[in-house]
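K.L.:
Residues per chain, in single letters:
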Amino acid sequence: MLSLAASLAVMLPLGKLAVFVSCFGALVVAGGLTRPVYDHLRRIRVLVCVLFALDWLFIGLGFAVLITLRLGLLVTAFTLLCATTTPEEVRQVFERCGMPRRLAFTFATAYRSLDLVETEWHGILEAQRARGIMGPASADPPWSGWRRRLGDAVALVVPAVVLVAQRAWQVTEAAAARGFDAPVRRPSVGPRLASLDHLLLAGTAGLFIALYVVQ
Amino acid sequence: MGEPAIVTAEQAAYQYGGCRDTVGPFDLTVQRGDFHLISGRSGGGKSTLARMLSGLIPHLYRGRFAGQVRIEGRLSHQVPLWELSTCVGLVAQNPAAQVLASTVADEIGFGLDTAGFTNGERDGRLQTALAGFGLEDCAERDPRTLSGGEQQKLMLAALSAREPRALVLDEPLSMLDGAVSRRVVDALARLRREGTAVVVFEHRTRPFAPVEGVKRLRLGDNQRPEQPLPELREYVSAFRLHATGVGVELGGRSVLRDVDLDLAGGQAVAVVGANGSGKTTLLRALAGLQAHQGQVRGVGGGGRPLLGMCFQNADRQIFNATVRQEILFGLPTHDEEFYRSVLDLLGLAPYEQTPPLLLSEGEKKRLALAIVLLRPGLCGVCLDEPTLGQDADQRRILGRIIRRLAGAGYLCLIATHDLEWAAQWSDRILTLERGRLVASASPRDPDLLRPRISWSPCHTAAQPQ
Chain A
631 MLSLAASLAV
641 MLPLGKLAVF
651 VSCFGALVVA
661 GGLTRPVYDH
671 LRRIRVLVCV
681 LFALDWLFIG
691 LGFAVLITLR
701 LGLLVTAFTL
711 LCATTTPEEV
721 RQVFERCGMP
731 RRLAFTFATA
741 YRSLDLVETE
751 WHGILEAQRA
761 RGIMGPASAD
771 PPWSGWRRRL
781 GDAVALVVPA
791 VVLVAQRAWQ
801 VTEAAAARGF
811 DAPVRRPSVG
821 PRLASLDHLL
831 LAGTAGLFIA
841 LYVVQ
Chain B
86 MGEPAIVTAE
96 QAAYQYGGCR
106 DTVGPFDLTV
116 QRGDFHLISG
126 RSGGGKSTLA
136 RMLSGLIPHL
146 YRGRFAGQVR
156 IEGRLSHQVP
166 LWELSTCVGL
176 VAQNPAAQVL
186 ASTVADEIGF
196 GLDTAGFTNG
206 ERDGRLQTAL
216 AGFGLEDCAE
226 RDPRTLSGGE
236 QQKLMLAALS
246 AREPRALVLD
256 EPLSMLDGAV
266 SRRVVDALAR
276 LRREGTAVVV
286 FEHRTRPFAP
296 VEGVKRLRLG
306 DNQRPEQPLP
316 ELREYVSAFR
326 LHATGVGVEL
336 GGRSVLRDVD
346 LDLAGGQAVA
356 VVGANGSGKT
366 TLLRALAGLQ
376 AHQGQVRGVG
386 GGGRPLLGMC
396 FQNADRQIFN
406 ATVRQEILFG
416 LPTHDEEFYR
426 SVLDLLGLAP
436 YEQTPPLLLS
446 EGEKKRLALA
456 IVLLRPGLCG
466 VCLDEPTLGQ
476 DADQRRILGR
486 IIRRLAGAGY
496 LCLIATHDLE
506 WAAQWSDRIL
516 TLERGRLVAS
526 ASPRDPDLLR
536 PRISWSPCHT
546 AAQPQ
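Residue numbers (this note's numbering), protein chains in the order written: chain A, 631 to 845; chain B, 86 to 550.
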């Protein structure tokens with residue numbers, strides 16, 4: 631809910647967005663979610679700073695603040711979703727919405743595999759660096775740089791595609807070996823909400839409504 | 086008349102789509118209480134037979150299936166896969182790749198949900214499985230944070246909770262060290278005592294010695310004759326590598342602490358220790374791939390000796406169309422004679438124009454070694470678990486290659502779980518425990534093969550790749 635509100639709030643004008651971000655920040659702190667949000671924002675700090683500087687330089691301070699807040703909010707929304715929602719909950723929600731089980735499982739597995747893909751990607755980067763690929767710029771003439779960069783990209787993408795395909799097949803076999811296609815299946819138990827969840831939900835909904843009522 | 090067989094394979098053979106060779110034919114009968122231990126060389130058909138016994142072939146694979154497999158008397162290709170899965174459970178080779186859920190409890194529950202148990206039955210079976218495999222304390226843990234041994238036990242728990250009549254396991258010990266292997270073998274022996282038939286496909290047969298009444302079978306041809314290995318055409322000048330106070334912190338946790346080493350070119354040094362003891366981290370630090378505290382320097386002229394790293398998963402490096410292109414990629418120049426001698430030494434000459442992705446796992450690992458050896462100025466190689474999943478032939482070939490490289494003056498550092506292999510082929514064995522170097526012994530030390538690695542339930546460890 632908090633993630634959905636944040637992703638919708640990016641459309642607000644600057645003043646309301648600033649109010650939303652303040653309240654949103656308080657809810658994030660109340661929910662004990664500061665650590666994952668901080669980690670993700672830290673990863674994009676260089677991009678945010680560059681964007682802010684360029685927007686300020688070419689358009690204006692107000693626009694730069696607006697774009698920075700929007701970007702930060704979108705990243706935070708995704709971080710919150712990942713930090714608070716398990717793939718099983720995603721699958722259960724999809725199934726409750728009427729999505730076929732096979733499709734819901736595929737989405738949930740893809741969602742769960744996001745960090746696996748990231749891990750594999752880092753592993754590939756390290757493995758290729760260890761053999762001298764993706765290293766610092768060589769003494770090649772500048773016009774040959776694009777060929778080297780293309781080779782480097784292939785060196786990363788091909789193993790990534792192969793490894794992801796291998797992993798997908800292993801998951802398929804594991805699911806099939808545990809009767810995934812069985813026609814009879816115990817109905818899913820929905821996600822259980824704690825009192826803090828109710829508090830956050832109520833706070834977010836209230837905040838969202840308040841902003842639009844004010845508008 | 087005896088009890089009917091659970092699984093019967095009669096002249097079962099399979100030809101994968103796009104391949105010329107047929108795997109099999111195989112004959113096997115599995116009855117209640119059986120414990121089959123099936124070994125054989127890599128590529129001998131162990132995984133294929135495991136898939137046929139569990140029904141994944143022909144249901145999930147689009148190749149040519151010949152002969153027949155009967156599961157509880159019914160032909161496997163005529164029964165839906167989900168129905169077969171209630172009778173025969175399959176645990177594939179890499180437990181980490183089979184994780185389907187975000188918590189240990191949900192992982193076990195996945196198979197119970199598909200079996201259609203009521204809530205009461207499901208919870209009862211879940212608790213029994215958690216208790217039976219000592220996983221109660223990690224029920225809410227993410228399976229990916231468990232050690233390799235715990236993951237293997239989780240897969241056993243997830244399958245056995247469905248109470249299949251037979252369990253098929255494809256190389257269940259390939260990623261485990263000695264002490265954890267013994268725990269998994271104990272768990273399998275217990276399942277067998279409870280009436281489940283167990284079929285294990287495994288290179289390493291010694292850990293199963295304590296299990297009584299094991300029916301042993303070997304697939305494929307016997308040990309291949311040894312070919313003489315050629316010499317390398319270049320030698321590395323004598324050098325020493327001196328490491329003092331090497332330490333690594335990852336995520337606020339001390340993974341490696343105060344490691345002091347004095348190593349010389351021409352040595353084969355094995356690094357052993359439990360999962361998560363810091364073996365790979367030590368190699369990465371020495372190879373210059375991991376930022377670390379302390380100092381690593383060369384002694385006797387020159388700077389820090391260049392050590393190449395061969396990772397556990399060779400697929401992470403492979404992307405070219407042929408073996409030759411793969412080895413020579415990115416090299417500004419190369420010595421063709423040295424390249425040829427490396428190919429000959431590693432047995433890759435016949436595959437020079439073969440797409441690397443079509444090589445066997447053992448060949449891929451040797452290809453990764455060839456890529457490293459061609460790097461200019463190389464003084465040594467670090468190999469991370471090179472024997473993992475390799476049959477006896479491949480492990481022996483690798484051992485002989487290591488000896489040849491050491492003979493040519495290279496420093497060979499090998500992180501491995503395989504103490505027997507290390508004792509046979511290395512000059513020195515370093516033991517790591519929780520990031521500390523606790524022993525440096527000769528491979529002839531009689532205490533070496535004694536179990537020394539402690540094991541505790543639900544401990545967190547580095548993931549096997």
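One should not assume that every hint holds.
[As the list claims (entries may be wrong)] Computed, partial: chain A to chain B, Cβ under 8 Å:
no. : residue
1   : Gly690
2   : Gly762
3   : Arg779
4   : Ala783
5   : Gln800
[Said to hold, decoys possible] Only some residues are given here: those of chain A computed to face chain B with a beta carbon under 8 Å:
no. : residue
6   : His670
7   : Arg673
8   : Gly753
9   : Ile754
10  : Arg761
11  : Leu793
12  : Ala795
13  : Arg797
14  : Glu803
15  : Ala806
16  : Phe810
17  : Ser825
Hints are computed from structural coordinates only; laboratory data are not their basis. Glycine included, each C-beta is placed from N, C-alpha and C at the ideal position.
K.L.:
Do the numbers back the hint for Gly753/A, that is, is its least Cβ distance to chain B under 8 Å?
P.N.:
5 Å, holds
K.L.:
How about Ala795/A: closest beta carbon in chain B under 8 Å, or not?
P.N.:
11 Å, violated
K.L.:
When the nearest CB of chain B is found for His670/A, is that gap smaller than 8 Å?
P.N.:
16 Å, violated
K.L.:
Hold the hint about Arg779/A up to the distance rule: shortest CB distance to chain B must be less than 8 Å.
P.N.:
12 Å, violated
K.L.:
With chain B as the partner, please determine if Gln800/A meets the hint condition of a C-beta pair closer than 8 Å.
P.N.:
Interface hint status for Gln800/A: holds (4 Å vs cutoff 8 Å).
K.L.:
Tell me if Arg761/A is really an interface residue toward chain B, meaning its C-beta lies closer than 8 Å to one of theirs.
P.N.:
Holds, about 5 Å.
K.L.:
For the hint on Arg797/A, just tell me whether its beta-carbon gets within less than 8 Å of chain B.
P.N.:
Holds, because the Cβ-Cβ distance from Arg797/A to chain B comes to roughly 6 Å (cut-off 8 Å).
K.L.:
Does Gly690/A pass the interface hint, meaning its C-beta sits closer than 8 Å to a C-beta of chain B?
P.N.:
41 Å, violated
K.L.:
Next item in the hint list is Ala783/A. Is there a CB on chain B closer than 8 Å to its CB?
P.N.:
10 Å, violated
K.L.:
Would you check whether Phe810/A satisfies its interface hint, that is, whether its CB is within less than 8 Å of any CB in chain B?
P.N.:
6 Å, holds
K.L.:
Classify the hint on Arg673/A as holds or violated, based on whether any CB of chain B lies nearer than 8 Å to its CB.
P.N.:
15 Å, violated
K.L.:
Mind checking the CB of Glu803/A against every CB in chain B and telling me if the closest is under 8 Å?
P.N.:
6 Å, holds
Of the numbered hints given earlier, the model fails hints 1, 3, 4, 6, 7, 12 and 17; all others are met.
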